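A.B. asks: Chain by chain, the residues:
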Amino acid sequence: MKPIDLNIIGAKGAIAEEAEGKWGMAIDEDLCTGCQACVAACAMENNISFVGEEDAAYGRTMHWIRIERFWEGEYPDVRTTSFQPMLCQQCGHAPCEPVCPVFATVHSQADELNLQVYNRCVGTRYCGNNCPYQVRAFNWRDYERPEPLNNQLNPDVTVRQRGVMEKCTFCIQRIHQAEDTAKSEGRELQDGEFDPACAQACPADAIVFGRVDDPDSKVSQLSRQKRGVKHLEDLATLPRITYLKES
Amino acid sequence: MKKKISRRDFLKLAGASAATGAALTGCGPSSRFVVREPYTQMPEYALIGESTFYATTCRECAAGCGLIVRTFQGRAIKVEGNKNNPVNLGKTCARGQATLQGLYNPDRVTDPLNQGRRKTLGTDGMNWDDAIKVVSDALANTDPAGIGFLLGMAPDHLFDLVSDLTAGIGAPAPVRYGALSAFEARATLVKAAENVLGQSGLPFFDLANAELTFSFGANFLETWLSPVAYTRGFSKMRKQGKRGYLVQFEPRMSQTGAKADEWIPVRPGTEGMVALALGKLIAESKKQTVPRAFVNVDVKAVAKESDVDEEKLHYLADLFADADRALAIPGGAALGQSNGLGTAEAVLALDALANNFGQPGGVFLSPAAPTEDNVHRPASLQEMAVFINKMNTGEIKTLLIHGVNPVFELPKSLGFEAALKNVPLVISFSTFPDETAILSDYIFPDHHGLESWGYQRVATGTSQSTLSGAQPVVSPFYNTQSTADVLLAASAIAGGKLASVLPFKDEVEYIQAQLIPLIENKDANFNAGEINSFSAYFQQFGGWWTNEAALLAPTQNTLNETLSVESPTYEGEGDFFLVPFVSPVLGEAGANKPSLQEVPDPTTTVMWNSWVEINPETAHEFGIKSGDIIKIVSNVGVIETSAYLYPAIRPDTIAIPFGQGHKAYGRYAAGRGVNPFDLLGLKFNAAGDIAFAGMKVQIIKTGKKFELARMESEIGVYGEGLGEE
Amino acid sequence: MVKKIFSWLISPLGWISLLILALIVFSGIIWGINLTQITPEQPIEFPHDRHISFGIQCLYCHQGASRGPVAGLPTQTKCWGCHQQLGITKTSVLLKPLVQAIEKNEPIQWIPVATVPDFVKFNHRPHIAASLNCEACHGDLSKLTIYENPQILNMGWCLDCHVEKAGDDYEKLVKLTDCGTCHY
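These protein sequence lines map, in sequence, to chains H, S and L. Going by the working numbering, the residue at position 15 of the first sequence is 15; the numbering climbs one at a time, nothing skipped. Just add 247 to the spot in the second sequence (first one is 1) and you have the working numbering. Just add 972 to the spot in the third sequence (first one is 1) and you have the working numbering.
Bear in mind the hints are in silico, worked out from the structure with no lab data behind them. The model shown is predicted, which means the values in this text are computed figures rather than measured ones. Worth double-checking, as some hints may not be accurate.
[Claimed, not checked] Computed cross-link-like contacts, BS3-like style, restricted to lysine-lysine with a CA-CA straight-line distance of at most 27 Å:
#, chain 1, residue 1, chain 2, residue 2
1, H, Lys218, S, Lys489
2, S, Lys910, S, Lys930
3, L, Lys1115, L, Lys1050
4, H, Lys230, S, Lys637
5, S, Lys951, S, Lys659
6, S, Lys489, H, Lys230
7, S, Lys943, S, Lys659
8, H, Lys183, L, Lys1147
9, S, Lys637, S, Lys951
10, S, Lys489, H, Lys226
11, H, Lys183, L, Lys1093
12, S, Lys486, H, Lys245
13, H, Lys230, S, Lys486
14, S, Lys330, S, Lys637
15, L, Lys1137, L, Lys1147
16, H, Lys218, S, Lys910
17, S, Lys659, S, Lys637
18, H, Lys218, S, Lys948
19, S, Lys380, S, Lys668
20, S, Lys547, S, Lys559
21, S, Lys330, H, Lys183
22, S, Lys910, S, Lys948
23, H, Lys226, S, Lys951
24, H, Lys183, L, Lys1050
25, L, Lys1115, H, Lys218
26, S, Lys769, S, Lys744
27, H, Lys245, S, Lys483
28, S, Lys486, H, Lys226
29, H, Lys245, H, Lys230
30, S, Lys330, H, Lys218
31, L, Lys1093, L, Lys1062
32, H, Lys245, S, Lys489
33, S, Lys366, S, Lys668
Given only the sequences and the hints, what does the whole structure look like? Please build it.
C.D. replies: Quick look at the structure:
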C-alpha cells in the first residue's frame, strides 16, 4: 500500500482501487431458490425495521438484500429469470461515494468496503439516487418497533433513525469480530471462518463469502468460473460480487 | 414489570432497551444516563460482554431443523442453523429466522386467562394454581372417553406425554393436525408408500444424487415435508458432476416450478394420468415390455385430458429413459385431488420403472425414529371430520388444544367453529391469542418454543435416525407455563389413576425418562454412560442421531399390478380451477411476525396481504387489471381479494396463497388478507386427504381496487408499463 | 406593523433586550452541554481510591476488559465475597444499598459514566492488547472516589491517540483512522 495524503481522500470522497478488493462474494444463481432466507436473516441480524403495508407499497422497505426475478416469455413458454439476490456490491469505484456532500458514504481503505456513517448522514439521498444497483434504503420515518420486539436488537449494530440512509455492510460487525478473535489468538483469519448473515442462512449454499484477494479462497475459485459475471461492470463500478449464471 | 430471578438466572438489562432507539445523529437523547444492571448471580458459563449460544429445535414447522440461538445478557438476539443437526446442517429458512419475532411478539398471551369465549382476548387473569386446578378437575371429572386432545403436527415430547396420559386413563389418543399436512396430502403419501413401497411411512427422495427429477406438484423448495433439507438436496443435485435436471408438472408455477428447468402446466388432477402415460412411453423408449402397471393407458386420451401434447410426452419419456439416475416425486396439489392416491401410486410406479428403489438418487423410506418408531402421521381431514362430528354429537366433553389453530387451519365447511359450541369445556394452551384460543373457555399459555424443553422426532428429511432436542434459550418472558408441566401437575393433584400414569416431577424428568433407551445405542453423535451426562450432551449437541444412514430400501415392487388413475372429479360449478397453496414465506403460522410479513413472496413479490393469481390473458378477457378486487365464489363460500396477473398459471386456473386471513392472532396478522380455506368443499380422496385443488370456482369483478404492496414495479426504468392496459 | 417592531428593535431598549435574549439562549446551550458532562449520581458512592489502596486490580471487578468489548460491572455477589467479612459493612450508611441489594437479591442500578454513543462500537480488548493501561483513558482512579471521566470522550480525543499510536506505519494509520473501524 503506497502512502496517500489523507486530505486528498477527503477531497475526492472516494478512491478507485486498482486491486481486486478485499472482501467479496460469489452468488450462484443456479443454486439460489429464491427462498428469502437471506432476506429474513439480514433483517434479523442488522436490526432492519419493518415499515408496514402502506410504506412497503411505496417501495420504502428497508431490506438490505432483495431477491430479483423477472418474467420471460408468455404462457405456456413462460419462465422466470433465475432468482438473483441483489445487495450492495461494495463497489471499488462506487457511484454513491462522490455525491455525498457530508462524506457519510465513504470508502474504507482498510476493509475496502463502502461505509455508511450514520452519524454523518443528513439524508440528502443523493447516494441512493446514484446507486445503479438500487440497494440503498432510506429511513423515511422512525419506524415503530413495539415492546418487547426491541429485545431482539443486535447490540453490535447501530439502530438507525429517521432521515438516515442505510445499506448492506457485508456484516462488518462479524468481520471485525472474527478479525479480533483471530488476532487475540495470534493467528491469521481462515477462509470460511465466519459468514455474513445471508450466507450463513442460505439453505442452498448459493452465497459464498470470503477474501477475493486470496486466490485460494473459495470465493476466488468460484469467481474465476466461466459463468461468472459482474453486474453493470461496464459502468466501471468495480463490483465485488460475482454472479454465477445459470448453466 | 418486576420478575423473579429465574432458573437460568437471567436478568434483563433494563435501561439498555430504552437506549437502543437513542442517540444516533447526535441529537437524540444521550445514552449517558441509562441504568445498567449487572447480574445478581452470574451463571458460571456466562462471560461479561460475550454472547452465549444454545442449541435447540425450530418450532415454526414440524421439520425439526436444529437451531443455535445467540443470546446476549439473557436476551435472544439471533437464530442460526445448527451445523451438526443432520436435517438442516447449519441452514435455516426465512420462517426459522423470524422465530424471534414470535418470542418477542407484542401480542402474546401473557397470563393464564379465564377467556370465557369472548370475542376478543380476555383480561380476566388467573393464577397458575387455579389454572392447574381447572385442568385437573377437567381431567378427573370428565369421563375418559369424553376427553379430546388436539395437538400440533410435530411428533414431539408433548405428543408422547399426552399419548401416555390418554392411554393410561383410557381416553382416546391425541389427534395431531396442521394445515401443512393437508396441503402436503401427507396421509395420501403415507398410504401410497404402503401400497407401492410395501411399508407405511414417509418416503425419502434422494434428490441430491438424482440426474433427472420429475416432480409432480411437490413444492419441496417451499413448505413440503422438510424444505431446508430438500433445498440442500436441490443444491447438491445442481452441483454434482452432471448438473441435475428438474421438470415440474403443476398447473401453477410454484417457486419450485420457477427453479425447474421445464415447467409442464398440466390440467389440475391429471398428473397421475400423465405419470402413467409417461410410464408406458418410457418402457417403450427403453425397448422394454411395458409393465402391467402401465398397459392400460391410452396415451392419446391422456394427452387430450391433461393438455400436454403427445409430442411433449414422448420427449419427456425419452428424457427419463435416457437418464442414469431418474427420480419421480409425488406431492402437494397433485395429491390433493379426488384421484390423489392413484396419482401418488402412479408417480411412485415411475420410480419403480426407473429401478431406483434404495439406489442413490432414488426412493427410500425415511429412517425409523429413535424412540416410539411407529409411524405417526397427522390426521387427514377426513379424520378431522370424524373428530368434529364427535364434538357435535357431544361425545367430546372436554377439548384440550395445543400447537394448532383449527379455526384457521381447517376448511370453514368442516364447521369446527360451530362444533366448539357443542363442547362444554374448551381449554387452549396457545402461546398466541389465535382464533381458536379466543373461542376457548380458558387459555393457559405455553412457553414459546425458545423458552421450553423438549424433543422432536424427525419424520423425514435426513438419512440418519434423528431426535432433535430443545432447551430454553431464555427464561420465560411472561407468566406462562409449559403445557407438559401443567398436565403433570394437574394429574398429580387429581390423584388416583391419573397420578399413577405419569409419575414424573416435571417435564424435564419426563423427557429424560424417554431418552434412557437411547443410551444403549453407542453408534451415535455422542456417547454417555448415564442419563444426566446423556441429557447434558443431548442439549449441547441439540439432539441425538445415528452416525450411519438408517434409510430403508422399499421391499416391494408393484409394477406387475395394473394401475389406473381415474379422471378427476371436481366440486362446484365454475369456469376456473382453484389451486390454493401455502405461502412459502408465511407458512401456516408466520403471519404474526412483522418482518416475515414484509419479506416479499418469492414469485409475486407481494408483501403484507393476500392475492389471487390470474393468467394475464384471462384477466384481459374479463377486463381485470392488476390490483382489481375479485370476488371468488365457490359452492361453499365467497372471498374477495386483489388480482395479481401471474404469467405462469394456466388460463383456466386461479391460485390463492394460504397464510393470511386471520381474524385474531395479534396486530400484525388480524384483519389482513383472506383464507382460501373458506372456499373449500368437502371432497376427500381415497386416503382421506381433502381434494383441496379439485374445486371449480367462479370469478366476478367487484369494481373495487386495492393495489398490493409489492417489491417489483409495474413501471420499468424507462417508463414502460405506464399507461398500458 | 413590521416597521413598528423594527423601530422598537433599533431603540436602546430593543437592542439591549435582544442582547439579553441572545445571552439567555447562549447560556442555555452552555448549560445543556454542561448537563451532559455532569457525572451522574450513583446508587452507591463507590470509593475507587480505597479499593485500589487495598491493592485490588481493575480487572478483578471489570474482568471483561481484557477479553472483549465491554469491561462490565461486578455482580453484587463479588462485592459480598469480601464485604460480608468486614464489620463496617453492617454499620456503614454508605454500604446500606449493597446490603439491601444482597438481601432482596436485586441488582444494583449503576449508571455507566465512561460511555460512547450507540453509533460507536468500542472494543476494550484491542486497546489492552496494544498495552494501554486502564489509566491511560480512565485516569488515575487511586485519587477518585466516584468515577469521573478525566476528559471528554469525543472522537477528536480518540483520533488524536490513534494517529499518535500509528506513528509512521501507514497501514496501521489507515486501519486506525478508518470510519468503519468504529462506526457501523
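A.B. asks: Does Lys769/S pair with Lys744/S here, judged by a C-alpha cut-off of 27 Å?
C.D. replies: Violated. Lys769/S to Lys744/S sits at ~36 Å, over the 27 Å cutoff.
A.B. asks: Would the pair Lys366/S and Lys668/S pass a check requiring their Cα atoms to be no farther apart than 27 Å?
C.D. replies: holds (13 Å)
A.B. asks: Is Lys489/S within 27 Å of Lys230/H, Cα to Cα?
C.D. replies: The given pair, whose Cα atoms are some 25 Å apart, holds under the 27 Å limit.
A.B. asks: Are Lys1137/L and Lys1147/L close enough, with their CA atoms no more than 27 Å apart?
C.D. replies: holds (12 Å)
A.B. asks: Hey, Lys547/S versus Lys559/S, does the alpha-carbon distance stay inside 27 Å?
C.D. replies: Given that 27 Å is the threshold and the Cα spacing comes to 12 Å, the pair holds.
A.B. asks: Given the hint that Lys380/S pairs with Lys668/S, test it: the Cα-Cα distance must not exceed 27 Å.
C.D. replies: The given pair, whose Cα atoms are some 23 Å apart, holds under the 27 Å limit.
A.B. asks: Can the restraint linking Lys1115/L and Lys1050/L be considered satisfied, given a maximum Cα separation of 27 Å?
C.D. replies: holds (23 Å)
A.B. asks: Holds or violated: are the alpha carbons of Lys330/S and Lys637/S at most 27 Å from each other?
C.D. replies: It is violated: about 45 Å lies between the C-alpha atoms, which goes past 27 Å.
A.B. asks: Given the hint that Lys330/S pairs with Lys218/H, does the C-alpha gap stay at or below 27 Å?
C.D. replies: holds (19 Å)
A.B. asks: Against the 27 Å threshold, does the CA-CA distance of Lys245/H and Lys230/H hold or violate the hint?
C.D. replies: Roughly 10 Å separates the two Cα atoms, so the pair holds.
A.B. asks: Are Lys245/H and Lys489/S close enough, with their CA atoms no more than 27 Å apart?
C.D. replies: holds (16 Å)
A.B. asks: Could you grab the alpha-carbon distance between Lys245/H and Lys483/S and see if it respects the 27 Å cut-off?
C.D. replies: holds (17 Å)
Of the numbered hints listed earlier, those contradicted by the structure are 4, 9, 14, 16, 18, 23, 24, 25, 26, 31.
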